[in-house]
Amino acid sequence: CSAVKIINLKVPSTYLLDQTSKTPDPLILDCEYEVDENEKGFVLKWLLDNQPVYQWIPSKNPFPFQSFKNRVDTSYVVSQEHMHKHRAMAIIKPLANFTGEYMCTVQTYSGIDRKSAKLKIIVRESKFDLSYYLNGDGYITVDCHARDISPLPKLQIRINDELFTTDNLKSVRGENGLYNASISGRIRKDQLESPATIECLLSIPETNYNKRRSTTYY
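Each residue of the sequence shown is one higher than the one before, starting from 1 at the first, in full-length UniProt numbering.
Treat the hints as calculated values from the structure; they're not laboratory data. Do not rely on the hints blindly, as some may be mistaken.
What the hints assert, rightly or not - Below, computed lysine-lysine pairings styled on DSSO-like, alpha-carbon distance capped at 27 Å:
hint	residue 1	residue 2
1	LYS120	LYS45
2	LYS170	LYS211
3	LYS189	LYS93
4	LYS118	LYS93
5	LYS60	LYS10
6	LYS22	LYS120
7	LYS115	LYS127
8	LYS10	LYS118
9	LYS40	LYS22
10	LYS120	LYS10
11	LYS93	LYS22
Just so it is clear, the structure is predicted and the values come from calculations on it, not from any experiment.
Using the sequences and the hints, build the whole thing.
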(Lines of atoms letter the chains of each structure in order from A; the text may use other names.)
(Lines give C-alpha, C1' and ligand atoms only; values in the text may rest on other atoms or scores of the structure.)
Protein backbone atom coordinates (compact mmCIF):
# COMPACT_ATOMS: atom_id res chain seq x y z
CA CYS A 1 0.00 0.00 0.00
CA SER A 2 1.34 3.44 -0.99
CA ALA A 3 2.21 5.88 1.82
CA VAL A 4 0.34 8.65 0.03
CA LYS A 5 -2.14 8.48 -2.85
CA ILE A 6 -4.07 11.13 -4.80
CA ILE A 7 -7.68 10.00 -5.16
CA ASN A 8 -9.25 13.02 -6.87
CA LEU A 9 -7.85 16.04 -8.70
CA LYS A 10 -10.30 18.93 -9.09
CA VAL A 11 -9.07 21.26 -11.82
CA PRO A 12 -11.76 22.88 -14.00
CA SER A 13 -11.10 22.58 -17.74
CA THR A 14 -11.94 26.27 -18.19
CA TYR A 15 -12.22 29.40 -16.07
CA LEU A 16 -14.06 32.44 -17.40
CA LEU A 17 -12.32 35.68 -16.55
CA ASP A 18 -14.68 38.64 -16.42
CA GLN A 19 -12.65 41.84 -16.79
CA THR A 20 -15.55 43.98 -15.59
CA SER A 21 -15.95 42.27 -12.21
CA LYS A 22 -14.20 43.90 -9.24
CA THR A 23 -14.39 40.71 -7.16
CA PRO A 24 -14.40 37.67 -9.46
CA ASP A 25 -14.85 34.23 -7.93
CA PRO A 26 -11.54 32.66 -6.96
CA LEU A 27 -10.25 29.80 -9.09
CA ILE A 28 -10.11 26.78 -6.75
CA LEU A 29 -7.81 23.86 -7.56
CA ASP A 30 -8.15 20.95 -5.15
CA CYS A 31 -6.16 17.78 -4.69
CA GLU A 32 -7.78 15.05 -2.56
CA TYR A 33 -5.45 12.36 -1.24
CA GLU A 34 -5.11 9.61 1.33
CA VAL A 35 -2.18 9.82 3.73
CA ASP A 36 -1.49 8.27 7.11
CA GLU A 37 -1.41 10.80 9.96
CA ASN A 38 1.86 9.27 11.16
CA GLU A 39 3.68 9.77 7.85
CA LYS A 40 6.79 11.95 8.16
CA GLY A 41 8.02 14.64 5.75
CA PHE A 42 4.68 15.39 4.07
CA VAL A 43 4.77 18.17 1.47
CA LEU A 44 2.20 19.19 -1.15
CA LYS A 45 3.10 21.18 -4.26
CA TRP A 46 1.17 22.64 -7.16
CA LEU A 47 3.05 23.15 -10.42
CA LEU A 48 2.05 24.99 -13.59
CA ASP A 49 3.76 23.59 -16.69
CA ASN A 50 6.32 21.93 -14.39
CA GLN A 51 7.18 25.17 -12.55
CA PRO A 52 6.34 25.17 -8.80
CA VAL A 53 3.70 27.78 -7.93
CA TYR A 54 2.50 26.69 -4.46
CA GLN A 55 3.82 24.62 -1.57
CA TRP A 56 2.32 23.54 1.72
CA ILE A 57 3.82 21.66 4.67
CA PRO A 58 1.21 21.01 7.41
CA SER A 59 3.25 22.63 10.21
CA LYS A 60 3.78 25.80 8.13
CA ASN A 61 1.81 28.43 6.23
CA PRO A 62 1.11 27.88 2.52
CA PHE A 63 3.79 29.40 0.30
CA PRO A 64 3.01 30.74 -3.21
CA PHE A 65 5.99 31.10 -5.58
CA GLN A 66 6.98 33.86 -8.06
CA SER A 67 4.15 34.89 -10.36
CA PHE A 68 1.54 33.52 -7.92
CA LYS A 69 2.92 35.51 -4.97
CA ASN A 70 0.02 37.99 -4.69
CA ARG A 71 -2.52 35.83 -6.49
CA VAL A 72 -3.21 33.10 -3.91
CA ASP A 73 -5.47 33.38 -0.88
CA THR A 74 -3.23 31.65 1.68
CA SER A 75 -5.99 31.83 4.32
CA TYR A 76 -8.26 29.56 2.24
CA VAL A 77 -9.06 26.34 4.14
CA VAL A 78 -10.63 23.36 2.37
CA SER A 79 -10.68 20.96 5.34
CA GLN A 80 -10.17 21.18 9.11
CA GLU A 81 -8.05 18.02 9.08
CA HIS A 82 -4.42 18.75 9.95
CA MET A 83 -3.00 16.91 6.90
CA HIS A 84 -5.51 18.41 4.45
CA LYS A 85 -6.16 21.99 5.60
CA HIS A 86 -4.40 23.97 2.84
CA ARG A 87 -4.17 21.34 0.10
CA ALA A 88 -6.36 23.46 -2.25
CA MET A 89 -4.98 26.50 -4.05
CA ALA A 90 -7.39 29.45 -4.25
CA ILE A 91 -6.23 31.79 -7.02
CA ILE A 92 -7.53 35.36 -6.76
CA LYS A 93 -8.00 37.30 -10.00
CA PRO A 94 -6.21 34.80 -12.27
CA LEU A 95 -4.30 36.18 -15.26
CA ALA A 96 -4.77 35.09 -18.86
CA ASN A 97 -1.30 33.47 -18.83
CA PHE A 98 -2.32 31.12 -16.00
CA THR A 99 -3.51 28.74 -18.73
CA GLY A 100 -1.62 25.46 -18.79
CA GLU A 101 -1.13 22.07 -17.16
CA TYR A 102 -1.54 22.03 -13.38
CA MET A 103 0.08 19.21 -11.45
CA CYS A 104 -0.46 18.31 -7.81
CA THR A 105 2.34 16.35 -6.15
CA VAL A 106 2.14 14.90 -2.65
CA GLN A 107 5.07 13.21 -1.02
CA THR A 108 6.35 11.87 2.27
CA TYR A 109 9.69 10.32 3.18
CA SER A 110 8.34 6.97 2.04
CA GLY A 111 6.26 7.74 -1.06
CA ILE A 112 5.14 10.17 -3.75
CA ASP A 113 2.13 10.57 -6.05
CA ARG A 114 1.23 13.10 -8.72
CA LYS A 115 -1.67 13.92 -11.01
CA SER A 116 -2.18 16.67 -13.58
CA ALA A 117 -4.94 18.29 -15.63
CA LYS A 118 -5.15 21.07 -18.21
CA LEU A 119 -6.89 24.37 -17.53
CA LYS A 120 -7.71 27.11 -20.02
CA ILE A 121 -8.32 30.68 -18.82
CA ILE A 122 -10.86 32.41 -21.07
CA VAL A 123 -10.99 36.20 -21.12
CA ARG A 124 -14.50 37.23 -22.13
CA GLU A 125 -14.62 39.59 -25.14
CA SER A 126 -15.36 43.25 -24.44
CA LYS A 127 -17.27 43.58 -27.74
CA PHE A 128 -18.79 41.19 -30.29
CA ASP A 129 -20.45 42.79 -33.32
CA LEU A 130 -22.06 41.68 -36.57
CA SER A 131 -22.98 44.09 -39.37
CA TYR A 132 -23.64 44.19 -43.11
CA TYR A 133 -23.68 46.93 -45.72
CA LEU A 134 -24.51 47.26 -49.39
CA ASN A 135 -21.65 48.06 -51.74
CA GLY A 136 -22.12 50.09 -54.91
CA ASP A 137 -21.21 47.06 -57.07
CA GLY A 138 -24.30 45.01 -56.19
CA TYR A 139 -22.58 43.05 -53.42
CA ILE A 140 -23.31 42.91 -49.71
CA THR A 141 -20.39 42.79 -47.29
CA VAL A 142 -20.87 41.02 -43.96
CA ASP A 143 -18.47 41.83 -41.10
CA CYS A 144 -18.06 40.15 -37.74
CA HIS A 145 -15.54 41.09 -35.08
CA ALA A 146 -14.67 40.38 -31.45
CA ARG A 147 -12.45 42.56 -29.26
CA ASP A 148 -10.23 41.89 -26.24
CA ILE A 149 -10.64 38.12 -26.07
CA SER A 150 -8.28 35.28 -25.18
CA PRO A 151 -7.40 32.71 -26.39
CA LEU A 152 -7.82 33.37 -30.11
CA PRO A 153 -11.43 32.51 -31.07
CA LYS A 154 -12.87 30.93 -34.19
CA LEU A 155 -15.46 33.03 -36.05
CA GLN A 156 -17.98 31.76 -38.60
CA ILE A 157 -20.69 33.54 -40.54
CA ARG A 158 -23.89 31.70 -41.48
CA ILE A 159 -26.68 32.94 -43.73
CA ASN A 160 -30.03 31.14 -43.30
CA ASP A 161 -28.12 28.43 -41.43
CA GLU A 162 -25.73 27.80 -44.34
CA LEU A 163 -22.02 28.34 -43.76
CA PHE A 164 -20.93 31.46 -45.62
CA THR A 165 -17.53 31.59 -47.29
CA THR A 166 -15.40 34.32 -45.76
CA ASP A 167 -11.87 35.60 -45.95
CA ASN A 168 -9.37 34.16 -43.48
CA LEU A 169 -9.63 35.26 -39.87
CA LYS A 170 -7.71 38.47 -39.27
CA SER A 171 -6.31 38.86 -35.79
CA VAL A 172 -4.11 41.26 -33.83
CA ARG A 173 -2.71 40.51 -30.39
CA GLY A 174 -2.48 43.59 -28.19
CA GLU A 175 0.14 44.40 -25.57
CA ASN A 176 -2.33 43.14 -22.96
CA GLY A 177 -2.14 39.68 -24.54
CA LEU A 178 -5.76 39.87 -25.73
CA TYR A 179 -6.91 39.43 -29.32
CA ASN A 180 -8.99 41.49 -31.70
CA ALA A 181 -10.34 39.12 -34.35
CA SER A 182 -12.51 39.66 -37.41
CA ILE A 183 -13.84 37.98 -40.54
CA SER A 184 -15.75 39.33 -43.49
CA GLY A 185 -17.26 38.06 -46.72
CA ARG A 186 -19.18 39.27 -49.76
CA ILE A 187 -22.33 37.97 -51.41
CA ARG A 188 -24.25 39.22 -54.46
CA LYS A 189 -27.39 41.08 -53.46
CA ASP A 190 -29.47 39.11 -55.99
CA GLN A 191 -28.36 35.83 -54.33
CA LEU A 192 -29.87 36.91 -51.03
CA GLU A 193 -33.61 36.52 -50.58
CA SER A 194 -35.29 38.93 -48.19
CA PRO A 195 -35.66 38.39 -45.28
CA ALA A 196 -32.43 36.50 -44.58
CA THR A 197 -31.00 35.60 -41.20
CA ILE A 198 -27.33 36.46 -40.88
CA GLU A 199 -25.44 35.01 -37.91
CA CYS A 200 -21.92 35.14 -36.56
CA LEU A 201 -20.76 32.28 -34.33
CA LEU A 202 -17.84 32.75 -31.96
CA SER A 203 -16.20 29.75 -30.31
CA ILE A 204 -12.97 28.97 -28.50
CA PRO A 205 -11.48 25.66 -29.68
CA GLU A 206 -11.33 22.80 -27.13
CA THR A 207 -13.81 24.55 -24.81
CA ASN A 208 -17.59 24.85 -24.58
CA TYR A 209 -17.43 28.65 -24.85
CA ASN A 210 -19.80 29.75 -27.63
CA LYS A 211 -21.47 33.05 -28.47
CA ARG A 212 -23.73 34.11 -31.32
CA ARG A 213 -24.91 37.35 -32.87
CA SER A 214 -27.67 37.59 -35.44
CA THR A 215 -29.30 40.18 -37.62
CA THR A 216 -31.93 40.10 -40.36
CA TYR A 217 -31.38 41.32 -43.91
CA TYR A 218 -34.47 42.84 -45.56
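> Taking 27 Å as the top limit, are the C-alpha atoms of LYS189 and LYS93 close enough?
Replying inline: 48 Å, violated
> Taking only the CA atoms, is the gap from LYS60 to LYS10 under or equal to 27 Å?
Replying inline: 23 Å, holds
>> Check the hint pairing LYS40 with LYS22 against an upper bound of 27 Å on the C-alpha distance.
In response: 42 Å, violated
> Under the criterion that the straight-line Cα-Cα distance not exceed 27 Å, is the pair LYS22, LYS120 satisfied?
Replying inline: Holds. LYS22 to LYS120 sits at ~21 Å (cutoff 27 Å).
>> Does LYS127 sit within 27 Å of LYS115, going by the straight-line distance between their CA atoms?
In response: With a Cα-Cα distance of about 37 Å, the restraint between LYS115 and LYS127 is violated, given a limit of 27 Å.
>> What's the verdict on LYS120 and LYS10, does the C-alpha distance respect the 27 Å limit or exceed it?
In response: This hinted pair holds, its Cα atoms lying about 14 Å apart.
> Regarding the pair LYS118 and LYS93, is the alpha-carbon distance no greater than 27 Å?
Replying inline: 18 Å, holds
> Is the hinted pair LYS170 and LYS211 satisfied, with a Cα-Cα distance of at most 27 Å?
Replying inline: 18 Å, holds
>> Need the status of pair LYS93, LYS22: alpha-carbon distance at most 27 Å?
In response: With Cα atoms ~9 Å apart, LYS93 and LYS22 stay inside 27 Å; holds.
> Is LYS10 within 27 Å of LYS118, Cα to Cα?
Replying inline: Between LYS10 and LYS118 the Cα gap is close to 11 Å, so the pair holds against 27 Å.
> Keeping to a limit of 27 Å between CA atoms, is the pair of LYS120 and LYS45 held or broken?
Replying inline: Answer holds: LYS120 to LYS45 is near 20 Å, not above 27 Å.
Checked against the numbered hints listed earlier, the structure breaks hints 3, 7, 9; every other hint is satisfied.
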